[in-house]
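If you read the sequences in order, they're chains A and B.
If you count by my numbering, then the first sequence holds residues 32 to 302, one letter each, in order.
If you count by my numbering, then the second sequence holds residues 32 to 302, one letter each, in order.
Any given hint could be a false lead.
Intra- or inter-copy, both count: the list cannot distinguish identical chains.
Unchecked claim - Straight line, CA to CA, 25 Å or less: simulated SDA-like cross-link-like pairs of lysine to any residue:
no., residue 1, residue 2
1, Lys167, Glu80
2, Lys156, Leu270
3, Lys156, Leu268
4, Lys156, Met272
5, Lys156, Asn259
6, Lys292, Val265
7, Lys167, Ser90
8, Lys156, His177
9, Lys156, His187
10, Lys156, His256
11, Lys167, Thr100
12, Lys156, Arg267
13, Lys156, Ser90
14, Lys167, Met186
15, Lys156, Asp68
16, Lys156, Ala258
17, Lys156, Val265
It should be emphasised that the hints constitute simulated quantities derived from the structure, not laboratory data.
Protein chains: 2
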Amino acid sequence: MLSEDELGRLSVVLVRARDPNNIGAVARAMYDFGFHDLRLVNEYPVPLERARSAIDASSVLETAREFLTVAEAVADCTLVVGTTAVGLRRKEHPLHTLAQAGPLLRAELSRAEPASPKLASSGPKARVALVFGSEKTGLSNEELSHCHWLLTIPMHQTEGMRHASMNLGQAAAVCLYELVRNPEAKKPEAESLQELLEPATAEDLERLTQLTIDVMETSGYAQRHPANFDETLVRRLVLHMGLDRPHALAWTGILRQLLWKLRNPQDAAQH
Amino acid sequence: MLSEDELGRLSVVLVRARDPNNIGAVARAMYDFGFHDLRLVNEYPVPLERARSAIDASSVLETAREFLTVAEAVADCTLVVGTTAVGLRRKEHPLHTLAQAGPLLRAELSRAEPASPKLASSGPKARVALVFGSEKTGLSNEELSHCHWLLTIPMHQTEGMRHASMNLGQAAAVCLYELVRNPEAKKPEAESLQELLEPATAEDLERLTQLTIDVMETSGYAQRHPANFDETLVRRLVLHMGLDRPHALAWTGILRQLLWKLRNPQDAAQH
Numbered sequence: 032m033l034s035e036d037e038l039g040r041l042s043v044v045l046v047r048a049r050d051p052n053n054i055g056a057v058a059r060a061m062y063d064f065g066f067h068d069l070r071l072v073n074e075y076p077v078p079l080e081r082a083r084s085a086i087d088a089s090s091v092l093e094t095a096r097e098f099l100t101v102a103e104a105v106a107d108c109t110l111v112v113g114t115t116a117v118g119l120r121r122k123e124h125p126l127h128t129l130a131q132a133g134p135l136l137r138a139e140l141s142r143a144e145p146a147s148p149k150l151a152s153s154g155p156k157a158r159v160a161l162v163f164g165s166e167k168t169g170l171s172n173e174e175l176s177h178c179h180w181l182l183t184i185p186m187h188q189t190e191g192m193r194h195a196s197m198n199l200g201q202a203a204a205v206c207l208y209e210l211v212r213n214p215e216a217k218k219p220e221a222e223s224l225q226e227l228l229e230p231a232t233a234e235d236l237e238r239l240t241q242l243t244i245d246v247m248e249t250s251g252y253a254q255r256h257p258a259n260f261d262e263t264l265v266r267r268l269v270l271h272m273g274l275d276r277p278h279a280l281a282w283t284g285i286l287r288q289l290l291w292k293l294r295n296p297q298d299a300a301q302h
Numbered sequence: 032m033l034s035e036d037e038l039g040r041l042s043v044v045l046v047r048a049r050d051p052n053n054i055g056a057v058a059r060a061m062y063d064f065g066f067h068d069l070r071l072v073n074e075y076p077v078p079l080e081r082a083r084s085a086i087d088a089s090s091v092l093e094t095a096r097e098f099l100t101v102a103e104a105v106a107d108c109t110l111v112v113g114t115t116a117v118g119l120r121r122k123e124h125p126l127h128t129l130a131q132a133g134p135l136l137r138a139e140l141s142r143a144e145p146a147s148p149k150l151a152s153s154g155p156k157a158r159v160a161l162v163f164g165s166e167k168t169g170l171s172n173e174e175l176s177h178c179h180w181l182l183t184i185p186m187h188q189t190e191g192m193r194h195a196s197m198n199l200g201q202a203a204a205v206c207l208y209e210l211v212r213n214p215e216a217k218k219p220e221a222e223s224l225q226e227l228l229e230p231a232t233a234e235d236l237e238r239l240t241q242l243t244i245d246v247m248e249t250s251g252y253a254q255r256h257p258a259n260f261d262e263t264l265v266r267r268l269v270l271h272m273g274l275d276r277p278h279a280l281a282w283t284g285i286l287r288q289l290l291w292k293l294r295n296p297q298d299a300a301q302h
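So that you can see chain A by itself, here it is in the shape it has in the complex:
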């Protein structure tokens, strides 16, 4: 997981985004994942107040800054990464898939000091710009020339058809998710089922296995399907249920009752 400091060092730069709904959707994705520095590059001011889909994301929109050029928008950034559809890519730029880009972007966000302290006693802190073009036209050659490298979201290629781009809000959500995704994370909360409930012992499960065998015999299943009536097979069947203790005991009780009923079909006293 990124620290608050690292989250703060990422700037999302939208170039020529003019649809307030798209801008709002990007702001919402940023807010959802904990990022907050939004920069807009436009020749004319954008009606941000109409970014209606930005539920919850007003704090991101309120602090968004507008620039006239990409150069100005990324001036304080130490790593500038453009996003592009594979098909529209210019050969002049190194290209990484989003999954490959994730570690590179996180490494830069976590780099607090300049690389060569000997050459520069003080220098800019790391800041990463993630640059998105307009949905229709992507980034121009001039805009791409400000990027150290490009990343592309792996989209499905249908034969003879090519996606020009993803929806801007979805593309931003997917890119920002890649930055915060953390496969090594602990379970989101401590009380998930496996941790809350006592694990079943081998004894619990063996009791259930033997009961299941009894039920198979008593019900006539063993006689009808002799190939399946194999203790090892039944044991594996029970183990594969992945039961914790309370559930194993509950099943044991159910099978006991079933067995009793099988053996006492006329007796209605216990049911």
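The hints should help you fit chain B onto chain A, whose structure is shown.
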């Protein structure tokens, strides 16, 4: 990357989604990543024709099926996974983060045959349902009870504030991206910069290093910053530029010209 067969075995199930724009956005994310089986659970039919944001995704919307209950919508699925915000989760269900869920979902999508061929000579092929509730209320207890387990997208928690949910289209995009993301993938296309361009040789870079040292001396930089005037340091500086051969040769040419001008400040014949 998932095969076409595996892509076809994932069903996205939207429960009580009524906003055509949201449904269209989900369809578009599915189309972008190559999925196509969309199922809608609603008591009343949804005006799908108004799903305007589904640019390019009409094929997904046209084949979308409507169901009255979750049970009917997931009847043919072998793994049913609900999506939830962490805060709304019920303790009865095991919970995985999206990054942890990815391998589990992919494993089921790639499992073509039933687990116990001995017990069942023919059985259903693996099919995974990814179930999303409405943006406002999420999934109800009854709806959650159809899920084998739940996954949650790791959203940023602000103190005292809790996200109820992400935008539906963005949540779907992020979940589907996790399924298709492939960090081991080759470069998206073979002609990326490093592969297209000849790598610089050590000789090329050493020539550039020595030229840089000449320029530092001739320009007076070495005298003003003696601490930085160190051959090893300059060599590392050049290596860190990560130049391929054409760019190294271009820089060499630039520095040669610069050096010539430094040594011949009055001469305008070569510039």
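| query | For Lys167 vs Ser90, is the C-alpha pair at or below 25 Å within one copy, between two copies, both, or neither? | reply | Answer is between; shortest inter-copy Cα gap is 21 Å, intra-copy 27 Å.
One pair to classify: Lys156 and Asn259, alpha carbons no more than 25 Å apart. Within, between, both, or neither? between (67 Å within a copy, 21 Å between copies)
message: If the cut is 25 Å between Cα atoms, do Lys156 and His177 qualify within a copy, between copies, both or neither?
response: within (19 Å within a copy, 49 Å between copies)
_At most 25 Å between alpha carbons: which applies to Lys167 and Thr100, within, between, both or neither?_
within (19 Å within a copy, 39 Å between copies)
Is it within a copy, between copies, both, or neither that the alpha carbon of Lys156 lies no farther than 25 Å from that of Leu270? Result: close only across copies, 22 Å inter versus 54 Å intra.
Item to check | Same-copy or cross-copy closeness of Lys292 to Val265 [CA-CA at most 25 Å] | outcome: Cα proximity of Lys292 and Val265: one copy only (21 Å, versus 88 Å across).
Intra/inter-copy verdict for Lys156 and Asp68 if alpha-carbon distance must be at most 25 Å: For Lys156 and Asp68, the Cα distance is within 25 Å only inside one copy (15 Å; across copies 46 Å).
For Lys156 vs His187, is the C-alpha pair at or below 25 Å within one copy, between two copies, both, or neither? between (37 Å within a copy, 23 Å between copies)
- prompt: Which holds for Lys156 with Arg267 at a C-alpha limit of 25 Å: within a copy, between copies, both or neither?
  reply: between (57 Å within a copy, 21 Å between copies)
One pair to classify: Lys156 and Ala258, alpha carbons no more than 25 Å apart. Within, between, both, or neither?
Intra 69 Å, inter 23 Å, cutoff 25 Å: inter-copy only.
_I want to check one pair: Lys167 and Met186. Are their C-alpha atoms no more than 25 Å apart within a copy, between two copies, both, or neither?_
within (16 Å within a copy, 29 Å between copies)
Practice prompt. Evaluate Lys156 and Leu268 at a C-alpha cut-off of 25 Å and name the case that applies: within, between, both or neither.
Written response: between (57 Å within a copy, 19 Å between copies)
Consistency with the previously given hints is maintained throughout, with no hint failing.
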